[in-house]
Amino acid sequence: MSQHTVKSFDEELSHLANILARMGGLAEAQLASALQALSRRDSELAARVVASDQRIDELEQEVQNFTVRMLALRQPVAADLRHIVAALKISSEIERIGDYAANVAKRALVLNQLPAVKPLSAVLHMATLVQEILKEVLDATVEQDLDKAIRVWNRDEEVDDMYTGLFRELLTYMMEDPRTITACSHLMFMAKNIERIGDHATNIAEVLHFVVNGTALKGARPKGGGGGLDIEGGH
Amino acid sequence: MTDIPAVRLKRRHAAERRFRVIGLVAIVMALGVLAVLLTTVIVKSSSAFVGAQIALDVTFDADAIDPADLGAADWQGLAKKAAEARFGVGDDRRLVRSAGAMLSSGAAEDLRKLVQSDPSVIGGTRRVWVTASVDVDQTMKGHVPADPDADGARLNAAQMEWLTALRASGDAALHFNRRLFTSGDSREPELAGLWGAVVGSLYSLTITLAISFPIGVAAAIYLEEFAPRNKFTHVIEVNINNLAAVPSIVFGLLGLEIFLNVFGLPRSAPLVGGLVLALICLPTIIIAGRAALKAVPPSIRQAAQGLGASKLQTVTHHVLPLAMPGVLTGTILGMAHALGESAPLLMIGMVAFIVDIPRTPLDPAAVLPVQVFLWADSPERAFVEKTSAAIIVLLVFLALMNLAAILLRKKFERRW
Amino acid sequence: MTDTEHHVSKAKVSARDVNVHYGEKHALKHVDLEIREGEVTALIGPSGCGKSTFLRCINRMNDLVDTARVSGELVLDGQDIYHPSVDVVQLRARVGMVFQKPNPFPKSIYDNVAYGPRIHGLANDKTELDEIVRSSLEKAGLLGEVEDRLQEAGTGLSGGQQQRLCIARAIAVAPEVILMDEPCSALDPIATAKVEELIDELRENFTIVIVTHSMQQAARVSQRTAFFHLGELIEVGDTERIFTNPRHPLTQGYITGRFG
Ligand SMILES: Nc1ncnc2c1ncn2[C@@H]1O[C@H](COP(=O)(O)OP(=O)(O)OP(=O)(O)O)[C@@H](O)[C@H]1O
Ligand SMILES: [Mg+2]
Numbered sequence: 000m001s002q003h004t005v006k007s008f009d010e011e012l013s014h015l016a017n018i019l020a021r022m023g024g025l026a027e028a029q030l031a032s033a034l035q036a037l038s039r040r041d042s043e044l045a046a047r048v049v050a051s052d053q054r055i056d057e058l059e060q061e062v063q064n065f066t067v068r069m070l071a072l073r074q075p076v077a078a079d080l081r082h083i084v085a086a087l088k089i090s091s092e093i094e095r096i097g098d099y100a101a102n103v104a105k106r107a108l109v110l111n112q113l114p115a116v117k118p119l120s121a122v123l124h125m126a127t128l129v130q131e132i133l134k135e136v137l138d139a140t141v142e143q144d145l146d147k148a149i150r151v152w153n154r155d156e157e158v159d160d161m162y163t164g165l166f167r168e169l170l171t172y173m174m175e176d177p178r179t180i181t182a183c184s185h186l187m188f189m190a191k192n193i194e195r196i197g198d199h200a201t202n203i204a205e206v207l208h209f210v211v212n213g214t215a216l217k218g219a220r221p222k223g224g225g226g227g228l229d230i231e232g233g234h
Numbered sequence: 000m001t002d003i004p005a006v007r008l009k010r011r012h013a014a015e016r017r018f019r020v021i022g023l024v025a026i027v028m029a030l031g032v033l034a035v036l037l038t039t040v041i042v043k044s045s046s047a048f049v050g051a052q053i054a055l056d057v058t059f060d061a062d063a064i065d066p067a068d069l070g071a072a073d074w075q076g077l078a079k080k081a082a083e084a085r086f087g088v089g090d091d092r093r094l095v096r097s098a099g100a101m102l103s104s105g106a107a108e109d110l111r112k113l114v115q116s117d118p119s120v121i122g123g124t125r126r127v128w129v130t131a132s133v134d135v136d137q138t139m140k141g142h143v144p145a146d147p148d149a150d151g152a153r154l155n156a157a158q159m160e161w162l163t164a165l166r167a168s169g170d171a172a173l174h175f176n177r178r179l180f181t182s183g184d185s186r187e188p189e190l191a192g193l194w195g196a197v198v199g200s201l202y203s204l205t206i207t208l209a210i211s212f213p214i215g216v217a218a219a220i221y222l223e224e225f226a227p228r229n230k231f232t233h234v235i236e237v238n239i240n241n242l243a244a245v246p247s248i249v250f251g252l253l254g255l256e257i258f259l260n261v262f263g264l265p266r267s268a269p270l271v272g273g274l275v276l277a278l279i280c281l282p283t284i285i286i287a288g289r290a291a292l293k294a295v296p297p298s299i300r301q302a303a304q305g306l307g308a309s310k311l312q313t314v315t316h317h318v319l320p321l322a323m324p325g326v327l328t329g330t331i332l333g334m335a336h337a338l339g340e341s342a343p344l345l346m347i348g349m350v351a352f353i354v355d356i357p358r359t360p361l362d363p364a365a366v367l368p369v370q371v372f373l374w375a376d377s378p379e380r381a382f383v384e385k386t387s388a389a390i391i392v393l394l395v396f397l398a399l400m401n402l403a404a405i406l407l408r409k410k411f412e413r414r415w
Numbered sequence: 000m001t002d003t004e005h006h007v008s009k010a011k012v013s014a015r016d017v018n019v020h021y022g023e024k025h026a027l028k029h030v031d032l033e034i035r036e037g038e039v040t041a042l043i044g045p046s047g048c049g050k051s052t053f054l055r056c057i058n059r060m061n062d063l064v065d066t067a068r069v070s071g072e073l074v075l076d077g078q079d080i081y082h083p084s085v086d087v088v089q090l091r092a093r094v095g096m097v098f099q100k101p102n103p104f105p106k107s108i109y110d111n112v113a114y115g116p117r118i119h120g121l122a123n124d125k126t127e128l129d130e131i132v133r134s135s136l137e138k139a140g141l142l143g144e145v146e147d148r149l150q151e152a153g154t155g156l157s158g159g160q161q162q163r164l165c166i167a168r169a170i171a172v173a174p175e176v177i178l179m180d181e182p183c184s185a186l187d188p189i190a191t192a193k194v195e196e197l198i199d200e201l202r203e204n205f206t207i208v209i210v211t212h213s214m215q216q217a218a219r220v221s222q223r224t225a226f227f228h229l230g231e232l233i234e235v236g237d238t239e240r241i242f243t244n245p246r247h248p249l250t251q252g253y254i255t256g257r258f259g
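Chains as they are written, first to last, in numbering that gives the first Met the number 0: chain A, 0 to 234; chain B, 0 to 415; chain C, 0 to 259.
In case anyone wonders, no lab produced these hints; they're calculated from the structure. Keep in mind that the hints are not guaranteed to be accurate.
As the list claims (entries may be wrong) - Distance condition first, Cα-Cα at most 27 Å in a straight line; then the derived DSS-like pairs of lysine-lysine:
1. C:K24 x B:K409
2. B:K293 x C:K100
3. C:K106 x B:K293
4. A:K117 x A:K191
5. B:K310 x C:K125
6. B:K410 x C:K138
7. B:K293 x B:K409
8. A:K88 x A:K105
9. C:K100 x C:K125
10. B:K310 x C:K106
11. C:K24 x B:K230
12. B:K310 x C:K100
13. C:K106 x C:K125
14. A:K134 x A:K147
Here chain A stands alone, though its shape is the one from the complex (with noise of 0.2 Å):
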């Protein structure tokens, strides 16, 4: 689209979309971070990541000063204002993101004091494809690639395959051998958490739909379903 007559204006919404990409970039490290801390059972790491934390939350928090100020002062309407409007909810979902990944390392320092168990590759394996649809959904967000995102959103289902599938090993697994219980309880949570940063990631795939096309991206939302689902509700 052409510039903005007010320069300044233009100018906003560039920097809007950099603190966010700034953000998408951190919450990324931070996830990739807390994965290795996981498989090098590498507490210091684990350490930094639950530190680090903080930064994205101060970037969501200059993002809603930011978009407020703009919705004060520009009364943006149109695609400006889905623009702004998306970047408030996309910097509340890379947040929940960031914290998600810093519950994973807080586990993984917990785990770091247990003995090796061995489903601990699949949840890695999990989080590759989770990082993988983050990454993906990310881009689309910097580059407003529609096509990508809608991609991305039809990949979470693969997400919640693996989520049930994990699950269901990791209760054979701590039925096998009572010992592991509280390492896999761990994992599962940890599991839980990972499935959860994929589903943000959909949601912003949707926030991206509705910032290009101004309208919510119909279709039931892609949900894996099964037993895991039963169980999460017994929290």
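Starting from the structure of chain A, add chains B and C with the ligands where the hints point.
Leaving out everything else, chains B and C with the ligands in the frame of chain A:
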């Protein structure tokens, strides 16, 4: 860099100061000329508002006066007799004539009016102020030399002696000249008045106003509000503007040809004068009227028409009332122009010598500017001051008209 | 580009292929637009795009412009406005107008409002006229402010009050449609808010068409918005949709402030 604007600024300020000074000088000069003009006229005219009168003991002989037919009596004879008695002239024919010449022919009228208002004086003797002759009048005012031998003197030695005696006893004095405002024109300067001309002017102007105002305003409204903008209306417009610049004598010729020769209206009548003056007024009224209508903001017209007012309603309810002050100003300007106009009236015979006060607009009459012209043209010395007096009256007339205009405008303006 | 979003009410005014020429200039090009009954329709678009021209077609104010030629069909309640049998005076009683600049008559407040009813003979006697004046001022939200000075000059009011007086004056004739050409452009935010609130209330009884240069105002007061550009109607639709998700790039560009 900064010096150049400073220099320019200085120059601009200097130019502005110069302009103001020039404007001020122009105004002061104009005011000065006006003041000189007014003072000369006023100074010259002041003596015209008084006239010399002589107090005589008149015997109203019952035999000589028939109360039923006052006009038949020899009033002048009574006055002369009283004068002869007063001056003690005896039988000297020359002195008798001189004594009679001390009195104006208006003395007869003075006596008759007295008897008319108070018939009881018949058969008795009364001290009466009668109008003195113009020679006495001019001598008393100092306009001609008092020395009987001097060049230009009007009174002979005997008359001068009598006058001195009369003045010493307080029996000769300058009194307010009522005739100036109550009678018509006359060959005798001491009897000549302006009333005939004032009435003639009033008649003419009334007719002018009655004709030019409605026609002018209607024309202005039509041209400004209704007429389509095309070549035809453009031509009309140009012609109206040109008419305003046509020399007024041309309108006189037109009046002579159309009103007198074609329609056979009476000569010298205020009716015809009014018609001719109306022609002269019209362009001024139309032009001023159009300007005033144009000055009414279009938003008012839109507001009215947006509410469903028709075009005529819009004009009569809103536009015309708002334009009225301007229209009135234009009308008064035109009327003032007409009031001062004499040339076209000469063409239709309003320059005739008319003694009677016109009773209808069809009677022959003079108008003020023509009266000024006639008197200024008169060789008689005493008419010089009369001319100035007539000018003053004309100016007062004008001032009154302008005052009326201002009051009218105020009244209309108060309605916002 | 008429769209088929929820058809709540019937069309009060419909324009079909309306063209306006000012001499050689083609100021309005093939406009098809429906003004729905009981709604506020906002006309937006850059300066000179023909909004006022379209507005003035609806009560035939363009008749007053010598050079203006209108073609096409404009229908008010099934009746062609430009049909020769239509009396303009009658039409303007049905379609009132409020102008950009408040233009009260230089008369008293009372006379301003009473003028329309007087020329159309809407009141039989003084009491009826009083009633009309009071209720119109009331509806215009002005009565409280001017109740004790009805005989004072209408021009002595503040700008916002003057504009509401002009609205009262238009309402007094009991029109069916009220056209407003940038009614708030000379008003401060408070006065603007009052007029906007008024427009919202008037919607119950009148069909309103408003031209405005303020996007926010169009968004606030109207249910439908029509976007004009260079004499053409580019897009019309529910205001909500136009301001969140306009379809045409020109509309998008205009309302977000990136024209070029
Ligand atoms: N009386 C007229 N004579 C000639 N051209 C006119 C006349 N009125 C308007 N126009 C032209 O028609 C076009 C549309 O004018 P219009 O007044 O409808 O614009 P608008 O959308 O109301 O603009 P704005 O927002 O500035 O009021 C403009 O290009 C204008 O120059
Ligand atoms: Mg306009």
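Hint check:
no., hint, verdict
1, C:K24 x B:K409, "violated, 45 Å"
2, B:K293 x C:K100, "holds, 19 Å"
3, C:K106 x B:K293, "holds, 20 Å"
4, A:K117 x A:K191, "holds, 17 Å"
5, B:K310 x C:K125, "holds, 26 Å"
6, B:K410 x C:K138, "violated, 34 Å"
7, B:K293 x B:K409, "holds, 20 Å"
8, A:K88 x A:K105, "holds, 26 Å"
9, C:K100 x C:K125, "violated, 30 Å"
10, B:K310 x C:K106, "holds, 19 Å"
11, C:K24 x B:K230, "holds, 22 Å"
12, B:K310 x C:K100, "holds, 21 Å"
13, C:K106 x C:K125, "holds, 18 Å"
14, A:K134 x A:K147, "holds, 11 Å"
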